[in-house]
Amino acid sequence: MTDLTKNPIEDIRSHRHTDGKPNVRRYHQARWDEPIIFELSAEGERGVLVPEVDEEIKRTTKDVYKNLPASMMRESLPALPELSQNKVLRHYLRMSQQNLGADFQVDIGQGTCTMKYNPKVNEHLARSHKMSELHPLQDQDTVQGILEITHKFEQILKDISGMSRFSFQPRGGSAAIYANAAVIRKYHESRGDTDRDEIITTIFSHPSDAACAKLAGFKVITLYPNDDGYPDIEALKAAVSDRTAGLLITNPEDTGIFNPDIDEFVRIVHKAGGLCAYDQANANGLLGITRARDAGFDLCHFNLHKTFSTPHACGGPAVGAQGASKELECFLPGPLIDHDGERYFLNEDMPHSIGKVSAFYGSASIVMRAYAWVMNLGAEGLREVAEIAVLNNNYLMHEVLKIKGISAPYAEGKRRIEQVRYSWEELYRDTGIHSEQLGIRMADYGLHYWTSHHPFVVPEPATLEPTEAYSVEDLDEYVRTLKAVSEEAYTNPAMVRSAPHNCPIHKIKPEVLDDPERWSVTWRAYCRKLANQNE
Amino acid sequence: MSNPETKTVYPYIPNSTDQARKKMLSAVSAESVECFYADIPKYLRMQRPLDMPEPFLSEYELKQHVQKLLNKNRSTEECLSFLGGGCYQHHVPSICDEINQRSEFLTAYAGEPYDDHGRFQALFEYCSMMGELLEMDIVNVPVYDGHQAAATSIRMACRYTGKRKALVSATIHPDKLSMITEYCRSDVDIQVINVDTVTGGMCMESLKNALDDQTAVVYFDNPGYLGVVEDGEKICALAASFDAIPAVGVDPLSLGVLAPPSSYGARLVTGEIQALGIHMQFGGGNGGFIASHDETDLVMQYPSRLFGIAPTEVQGEYGFGDVAFERTSFDKRENGNEFVGTASALWGITAGVYLSLMGPQGMHDIANGIFQRNAYAKERLASIPGILIPHNNQSHFKEFVVNFDNTGKTVEEINRLLLKQDIFGGHDLSEKYPQFGQSALYCFTEIHSRDDIDTLCDALSEVI
Amino acid sequence: MNESSDGPLIGLIVNPIAGLGGKVGLKGSDGEHTQQRALALGGKGCGVERATLTLRQFSRHSRAFSIVTCQGDMGEHAVAKAGLVAQAVLPIGAAEGFSASDTVAAARWMFAMGVKLILFAGGDGTARNIMDAVGSDVLVLGIPAGVKVQSAVFAINPVSAAEIVRRFVSNDITGCTAAEVMDLDEEELRQQRVSARLYGYLNIPDDRSLTQSAKSRSKQSDRGAVCAIADEVKRTMNDETLYIIGPGMTTSALKERLEISGSLIGVDIVKGGKLICRDASEQDILATMDKYPGPSQLMVTCIGGQGFLLGRGNPQISSEVLTRIGCGRITVLATTNKLTSLRGRPLLVDTGSPWLDKLFNGYIPVITGFRERLVYRVASSLA
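Chains as they are written, first to last, in numbering that gives the first Met the number 0: chain A, 0 to 534; chain B, 0 to 463; chain C, 0 to 382.
Because the hints were derived from the structure by calculation, they are not lab data.
You may find that some hints are simply not true.
Covered stretches of chain A, as calculated for chain C (at least 3 residues, CB under 8 Å) [to be verified]:
| id | region |
| --- | --- |
| 1 | 205-218 |
| 2 | 225-234 |
| 3 | 291-301 |
| 4 | 449-458 |
Think about it this way: if two alpha-carbon atoms lie no more than 20 Å apart in a straight line, the pair counts; the simulated DMTMM-like pairs of lysine to aspartate or glutamate are [what the hints assert, rightly or not]:
| id | chain 1 | residue 1 | chain 2 | residue 2 |
| --- | --- | --- | --- | --- |
| 5 | A | K325 | B | D50 |
| 6 | A | K119 | B | E97 |
| 7 | A | K413 | B | D38 |
| 8 | B | K408 | B | D457 |
| 9 | B | K162 | C | E48 |
| 10 | A | K57 | B | D453 |
| 11 | B | K41 | A | E74 |
| 12 | A | K185 | B | D186 |
| 13 | B | K41 | A | E263 |
| 14 | B | K62 | A | D473 |
| 15 | B | K67 | A | E122 |
| 16 | B | K419 | B | E76 |
| 17 | A | K65 | B | D230 |
| 18 | B | K408 | A | D227 |
| 19 | B | K71 | A | D337 |
| 20 | A | K61 | B | E378 |
| 21 | A | K61 | B | D38 |
| 22 | B | K233 | A | D194 |
| 23 | A | K119 | B | D96 |
| 24 | B | K419 | A | E510 |
| 25 | B | K71 | A | D158 |
| 26 | A | K270 | A | E147 |
| 27 | A | K401 | A | E486 |
| 28 | A | K528 | B | E134 |
| 29 | B | K22 | A | D473 |
| 30 | A | K157 | B | D50 |
| 31 | B | K71 | A | D339 |
| 32 | A | K528 | B | D293 |
| 33 | B | K21 | A | D158 |
| 34 | A | K403 | A | D475 |
| 35 | C | K115 | A | E510 |
| 36 | A | K528 | A | E510 |
What follows is a set of in silico ranges between Cβ atoms, one per label pair, in the way DEER data are often shown [as the list claims (entries may be wrong)]:
| id | chain 1 | residue 1 | chain 2 | residue 2 | range |
| --- | --- | --- | --- | --- | --- |
| 37 | C | R55 | A | D475 | 30 to 38 Å |
| 38 | C | T235 | A | D475 | 50 to 58 Å |
| 39 | A | T490 | C | R107 | 40 to 48 Å |
| 40 | B | E312 | C | K80 | 47 to 55 Å |
Computed from a predicted structure; not experimentally measured.
Note that CB positions come from ideal geometry on N, CA and C, so glycine has one too.
Isolated chain A (complex conformation) (with noise of 0.2 Å):
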């Protein structure tokens, strides 16, 4: 590849090809130098103007804090910035130029995240004042339409997994596995059967669903991969018994390799006792291939934020539908949403319900976008997002492995589900190079690129996941851009360790996050701490 740095490009064209081959992105992100906000104040200027208070209102109230205790008073106003309504949109047009939304390339790096394709016709439709403007409280009468929207999207769900019904109240898959946790305490609470305090997991599932087991009282028991990749039937074997409450599981997980024995995991566990959770969070590639019931499951939940399009918003909001069997239904956390044979309404009628968790019904206008891809797509387009996503999977791994120096760790030769986890440890003995350098590399040529979650149970991770929204050219580009990195670590490390060098910025001296004396979590912290200290 062309080193930038020396050969400045005078012709365009002699850089995007050669030998009639593409070569990578010449990219520089956006670098505003900006500010923090309080930095940019100006005493007196005001960004925008609240209504004045009627005169006769004045007139008639008097003194309006009369019944207020002295102390409750605030005495100073707050240090906010002071700014004309111009320089606060600047300022905030300038930080998106310097964040990498999907929008804007092949984000196929950031594997589990399900990073596809937002359509623009939902967000224009969830701008509509009829969805915007709606008060939760309002009169049931008022709100028939996303009621409706909400009713008809759950039925669609139901057909997806298998199960009985679906809760939106959860903003966020985290919150929906604490859901599944909370409803199997409660499920076994209400048969009495309150020595069942250990959950089951296992070490390639999302962080949250051992710290979510955890939250609601239980002991956490990990299972580990077995050569094939997927948790070992014997560890389950060995872990479960009569003080078994659940178990928590994804499939396929994040290797992509889907476990075939998964309806005999649940039978074991259903036959210690326990309940069966599956977080769906990896669906993509089984939309209309497989369901969770069919497995046996009695519980499950879906990244609406994932599998079902709608923006990960830089992280939320979000929904987490939580979906049960009939036996488990009446658990969910409240209210669901019914028709009467006339009208859709809240249905508070749960006493069994674990209660609220979250405020209101979650985020309406999150199932709202999620209705209207379904929609566009019907059954026929699941299926064919779920088959592409496939394919382009398999075909990405193909392509990533001719790199030198990556490998897809368990079940070689093997076909994978949705995504990979990749392992770059050849590349790191050959060249003391990490995983995540590689993916700082990565951000210099305008791509995301994610590692794992810890452990590393793959040495020197890398998660790719293609989803079905990108054409094989992307998938090409992003492999290309993946290849020049590695060969950058082989023969110029020195220019992989050193980066970022076309981010908004260099890179950061981290020690100082860790440090209670010195780390600054808002600006007056900073002020106080570090604004004098000259680093």
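With chain A held as given, fit chains B and C onto it using these hints.
Frame of chain A; chains B and C shown alone:
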């Protein structure tokens, strides 16, 4: 799948063309996509197509379909709404929407502090501005909502003190109490302190009786669910005298006028950011914050992410990263404090935009205007025969209880009649708070003009 | 790297005869007699070569750090071969007759000079010598060059050692972690018997404290997890049981939590919250069990990079001790990081008794934290 002649090419799926499918299948030497599903046992395979309605393949038809459903809703833009109770109608400045609709923010997720520098800075600035409003040095990246924030603050206090007992005021949102109870119960013993029916605030007598040296935390909202501004200083002092942590839920929009809870002794402050430039979205606009002073031992109890400013290799350049990342469940699995995941980051960015637009004067003006409108509404409503304002001697922010016992009508009936005049009456409290009889929670914000309040009063006079 | 470099000072110690015995099948290079035998057999140390490989990763123009090293094959040669210049050369390691005491002397000298890191090329024996000299007072990193590199103080290979040094001097690595130094008796190894014990710990730079990464910033030290394990285990302990607690960092945290002055690398016996016997030998354990005939419970952690649960690192816990305690009465403690570092290989037992080993085959719940177990595979090391 359908036959190639009639096969749909999906605009969201580039490789749904036959050419692409064939090219890729041949590249990986697979006959069909079935090869990739070989590990799924036959009996687990779905043997029929999904059972769902016919799709709307064209964007036009899809839009028509969904918009038609949405049109069955009546929004607060079409009607005059006096609903509050945890979700509030405010003016959303255009810049807020302009920013949170940007693809750069809307479609980003979890990039590095390099390629996603903007997200880190925007959220750091949000936390910083909240910090000024709250006069606290630590503010987290938003959690799901104020309920979650409150529940977590109670768990944090218990972990910090090593005690199990938490006193929670019944003056908080009933759903919040429900959520706290379930969320905390494996490690926390929740005891509810009842409402003082005279003041609408927390019953101080009950609090005194319940406090002991086993108490980890006293949690209350100020203003409470019923809109009453409590004497927070008195409650916090009482809690502190038993070495319990005073934890306060607060409406950030009130803080241009009201004292930040830190000034009257709160050590953990939480709340809801929906009022800061985020549309209500049927409850989908909620987001929660947790704040505290920079006490290391308390900081280590945060389950959520804390973004900190960090130097880079270039002198004077600002970088950002996670402070004390080891705390979070991303990193430590089950040893982490609670869990962390996708929550409501975009609303945090939006609230930051809002605060920077409002500035100190704007935040004062809006809170002051809301106090005045509430005072005016109270006076006007109290003058209507049959209507009582039970906590009339209290100071109310945004909302207060209106009692209709003397009208002989239920709130439900009254609200139905108001709806006919395109008015959403106050939220019916009669079921959750039977001690208040036929009462409703009426909410007034800066968007209510004198005309709006007068319209409500006229309509009420007419229907009761 | 030249005299005017202003980076941190790094000490380099090369054991020139490291690896000497390996190539001629002698299982090590400890002891003068062995060394002579190896030389006679045509053996050749690889310390200089391996250290050179590491140093070659740095440019002579780099000012990232300065080197202080020993004379000749103990460092000077490797530095020169790599094209670098040492800031200072200690008068140790003259032409011939390398011995363990040279390593000890060099490490002490470097420590006194205030080096930030001692980089050494050698094997377990070298690590042991450095530990004797400086203990945990200075950071150490091994370039694997010996026959036995069982200790956890070594980088994967010379190239990755260079990368760790590079990140250490540029402050990308700021944390450190305690790594096991194993003491494998070569003489016994040559007699077809393995009798390793945990010798102690050296502090090494925590390689994974990497640059910031949003969703997966690297793991920190295992300290927190080790404390959580101690809390969890303490909760399950009662006054009736005799607890035989094996050596290691993880079990040591438990000993601390129990507030007994137990040993880091020895077996301690506890009952009713009190230390009954410190640093117990096999005979001590058996005698204590005779004295307290009630129930007993063994608490061990896996030791060394190979994942040995029994048979390495804790030879005191013999097959007789195990038989007396009973196979089902074993609590295993280990952090998740330690288990994942085994890359899926099973925990190993080598009790010296094949039928006893067989009893362990299967799965065992390992306590990995507060309210947390990981079910892990155990196998006989001979299988």
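Against the structure, the hints:
| no. | hint | result |
| --- | --- | --- |
| 1 | 205-218 | holds (count 4) |
| 2 | 225-234 | holds (count 5) |
| 3 | 291-301 | violated (count 0) |
| 4 | 449-458 | holds (count 9) |
| 5 | A:K325 <-> B:D50 | 19 Å, holds |
| 6 | A:K119 <-> B:E97 | 15 Å, holds |
| 7 | A:K413 <-> B:D38 | 9 Å, holds |
| 8 | B:K408 <-> B:D457 | 17 Å, holds |
| 9 | B:K162 <-> C:E48 | 59 Å, violated |
| 10 | A:K57 <-> B:D453 | 15 Å, holds |
| 11 | B:K41 <-> A:E74 | 71 Å, violated |
| 12 | A:K185 <-> B:D186 | 15 Å, holds |
| 13 | B:K41 <-> A:E263 | 14 Å, holds |
| 14 | B:K62 <-> A:D473 | 28 Å, violated |
| 15 | B:K67 <-> A:E122 | 16 Å, holds |
| 16 | B:K419 <-> B:E76 | 16 Å, holds |
| 17 | A:K65 <-> B:D230 | 13 Å, holds |
| 18 | B:K408 <-> A:D227 | 69 Å, violated |
| 19 | B:K71 <-> A:D337 | 17 Å, holds |
| 20 | A:K61 <-> B:E378 | 11 Å, holds |
| 21 | A:K61 <-> B:D38 | 76 Å, violated |
| 22 | B:K233 <-> A:D194 | 43 Å, violated |
| 23 | A:K119 <-> B:D96 | 15 Å, holds |
| 24 | B:K419 <-> A:E510 | 63 Å, violated |
| 25 | B:K71 <-> A:D158 | 26 Å, violated |
| 26 | A:K270 <-> A:E147 | 39 Å, violated |
| 27 | A:K401 <-> A:E486 | 12 Å, holds |
| 28 | A:K528 <-> B:E134 | 16 Å, holds |
| 29 | B:K22 <-> A:D473 | 14 Å, holds |
| 30 | A:K157 <-> B:D50 | 10 Å, holds |
| 31 | B:K71 <-> A:D339 | 17 Å, holds |
| 32 | A:K528 <-> B:D293 | 11 Å, holds |
| 33 | B:K21 <-> A:D158 | 30 Å, violated |
| 34 | A:K403 <-> A:D475 | 16 Å, holds |
| 35 | C:K115 <-> A:E510 | 17 Å, holds |
| 36 | A:K528 <-> A:E510 | 14 Å, holds |
| 37 | C:R55 <-> A:D475: 30 to 38 Å | 36 Å, holds |
| 38 | C:T235 <-> A:D475: 50 to 58 Å | 56 Å, holds |
| 39 | A:T490 <-> C:R107: 40 to 48 Å | 41 Å, holds |
| 40 | B:E312 <-> C:K80: 47 to 55 Å | 32 Å, violated |
The structure shown violates the earlier hints numbered 3, 9, 11, 14, 18, 21, 22, 24, 25, 26, 33, 40.
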